[in-house]
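Let the sequences and hints guide you as you build the complete structure.
The chain contents come next:
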Amino acid sequence: KAGVTQTPRYLIKTRGQQVTLSCSPISGHRSVSWYQQTPGQGLQFLFEYFSETQRNKGNFPGRFSGRQFSNSRSEMNVSTLELGDSALYLCASSLEDWNTEAFFGQGTRLTVV
Amino acid sequence: KQEVTQIPAALSVPEGENLVLNCSFTDSAIYNLQWFRQDPGKGLTSLLLIQSSQREQTSGRLNASLDKSSGRSTLYIAASQPGDSATYLCAVTNTGNQFYFGTGTSLTVIP
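For the record, the sequence lines run as chains A and B.
So the first sequence is numbered by my numbering: it starts at 16 and just counts up by one.
So the second sequence is numbered by my numbering: it starts at 315 and just counts up by one.
Hints in this document: simulated from the structure, not taken from any laboratory.
Please note that the accuracy of each hint is not assured.
What the hints assert, rightly or not - Pairs of lysine-lysine, BS3-like flavour, derived with a Cα cap of 25 angstroms:
{"no.": "1", "chain 1": "B", "residue 1": "K382", "chain 2": "B", "residue 2": "K315"}
{"no.": "2", "chain 1": "A", "residue 1": "K28", "chain 2": "B", "residue 2": "K356"}
{"no.": "3", "chain 1": "A", "residue 1": "K72", "chain 2": "B", "residue 2": "K315"}
Below you can see the structure in the form of structure tokens.
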């Protein structure tokens with residue numbers, strides 16, 4: 016079966032712009048989580064959606080937002096990009112809301128110049 | 315706040331050796347612990363999931379154990395191969411599917 020698909024794989028944006036990243040979870044999975052990975056901070060939790068509702072949010076500024084659609088696909092948006100937003104953004108999907116295995120996509124590499 | 319620590323940060327072993335990676339966490343009230351591997355520039359590949367009621371899980375040459383009360387997990391890799399070279403991450407969940415990740419162990423297996 017198809018895995019978690021993230022698009023695009025690579026992005027280059029200019030400071031001040033905004034960006035939208037997309038994540039299609041494994042078919043039948045209802046939970047989607049987003050993470051930011053940087054060399055200095057490691058993997059940090061951004062937010063989690065389950066059945067179109069945001070259930071948890073990490074410690075990131077309001078410039079980071081997300082949503083989940085009825086087909087469980089999710090998007091995250093970053094507005095007013097800063098150089099420090101350059102990172103690998105990873106999406107994870109899970110079947111249910113807890114106690115189940117998480118599967119990650121290949122990530123979107125965002126570079127802000 | 316949950317904190318996850320992995321030791322060692324880097325490990326280099328000759329091919330064929332058995333090895334152990336360590337993971338510790340500060341809050342024992344976890345739902346799951348999951349081990350992942352990450353190749354450079356890639357996403358995370360799930361290796362093993364241990365639910366809070368379980369003590370260990372095995373998959374092929376991999377065996378992961380969990381001691382929730384002491385806040386520790388180990389990943390045992392038997393008969394290491396060059397293809398095992400990657401960064402290994404452990405992660406725990408306390409609520410929902412919010413993972414707290416360790417900083418990883420970078421493993422190099424020398425042919």
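**OP:** Given the hint that A:K72 pairs with B:K315, test it: the Cα-Cα distance must not exceed 25 angstroms.
**Re:** Satisfied, since the Cα-Cα distance of roughly 14 angstroms is no more than 25 angstroms.
Original post:
Would the pair A:K28 and B:K356 pass a check requiring their Cα atoms to be no farther apart than 25 angstroms?
Top reply: Between A:K28 and B:K356 the Cα gap is close to 20 angstroms, so the pair holds against 25 angstroms.
**OP:** With a cut-off of 25 angstroms on the C-alpha distance, tell me whether B:K382 and B:K315 pass.
**Re:** 16 angstroms, holds
Every hint from the earlier list agrees with this structure, and none is contradicted.
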